[in-house]
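In the order they appear, the protein sequences are chains A and B. Heads up: the first sequence begins at 1 in this note's numbering, then just goes up one per residue. Heads up: the second sequence begins at 1 in this note's numbering, then just goes up one per residue.
Just so you know, not all the hints are guaranteed correct.
Repeated chains share a single entry, so a pair holds when one copy, or any two copies, can fit it.
[Claimed, not checked] Once the Cα atoms are required to be at most 30 Å apart in a straight line, the calculated BS3-like pairs of lysine-lysine come out as:
(1) K106 with K55
(2) K102 with K55
(3) K106 with K64
(4) K102 with K64
Because the hints were derived from the structure by calculation, they are not lab data.
There are 2 protein chains.
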Amino acid sequence: MSRTPPHPTREQIELPLVLDCLSDPIRLAIVYQLAQQERVSSELCCGDFNGLSGKSNLTYHFAKLRDCGLMQTRVAGTNRFMRLRREDLEARFPGLLDAVLKSAAKDADRLQLVAECDVVEAD
Amino acid sequence: MSRTPPHPTREQIELPLVLDCLSDPIRLAIVYQLAQQERVSSELCCGDFNGLSGKSNLTYHFAKLRDCGLMQTRVAGTNRFMRLRREDLEARFPGLLDAVLKSAAKDADRLQLVAECDVVEAD
């Protein structure tokens with residue numbers, strides 16, 4: 001039995017759900033961190049986000065990000081690995097993810113987003 | 001006494017609030033319609049949106065759009081005129097509004113957005 005949780009197909013990704021998902025500061029921070037890390041690794045595991053919130057709260061946010069199609073979750077043993085569904089998002093809404101990430105970067109201090117160097121050093 | 005309702009300053013416009021505001025399909029449709037109309041007129045009045053929802057519901061959505069900084073409301077007599085705060089949004093989050101509008105246009109049928117010709121004909 002596969003333990004991979006359900007994901008929407010590319011075609012099922014809906015703009016209102018994506019915007020709603022990104023409107024939460026913690027989910028925006030998760031997406032921002034995944035995007036920052038993309039150059040180093042396409043995936044991060046749950047523990048990489050511990051600085052953002054408590055474990056059960058993060059689990060809830062991961063599910064929301066998966067359900068709206070922003071994030072792909074891969075289960076390996078007891079670990080879960082997350083990556084941005086950048087290609088799917090770009091195919092559905094060209095330029096949207098980058099515009100949101102750029103906006104978030106501009107307000108990184110105000111949004112208390114993790115700095116790029118923090119992510120790299122955490123490796 | 002001025003009857004102009006309060007608006008956030010450019011600097012007070014916050015990304016999570018803007019994204020949350022745009023995640024509602026009716027508010028997204030209002031913003032889309034304002035953007036479509038910009039080439040003809042920078043302002044629309046309440047009645048121009050009657051096709052989207054009931055009057056009291058629209059009043060609620062106009063207030064949300066105003067409070068998050070997406071829209072400017074001008075009161076003239078018994079009329080209210082609305083326009084997009086494009087310059088302020090572009091200054092705060094370059095490219096974001098256009099990326100959202102482009103994404104919305106791509107899903108116009110799915111989101112039941114008013115077609116450009118409908119808006120122009122409604123004049």
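Now for the hints, and whether the structure bears them out:
1. K106 with K55: Answer is within: at 28 Å inside a copy they meet the 30 Å cutoff, but 37 Å across does not.
2. K102 with K55: within (27 Å within a copy, 36 Å between copies)
3. K106 with K64: Result: close both inside a copy and across copies, 24 Å intra and 23 Å inter.
4. K102 with K64: This pair counts as both: shortest intra-copy Cα distance 22 Å, inter-copy 24 Å.
In terms of the numbered hints stated before, the structure departs from none.
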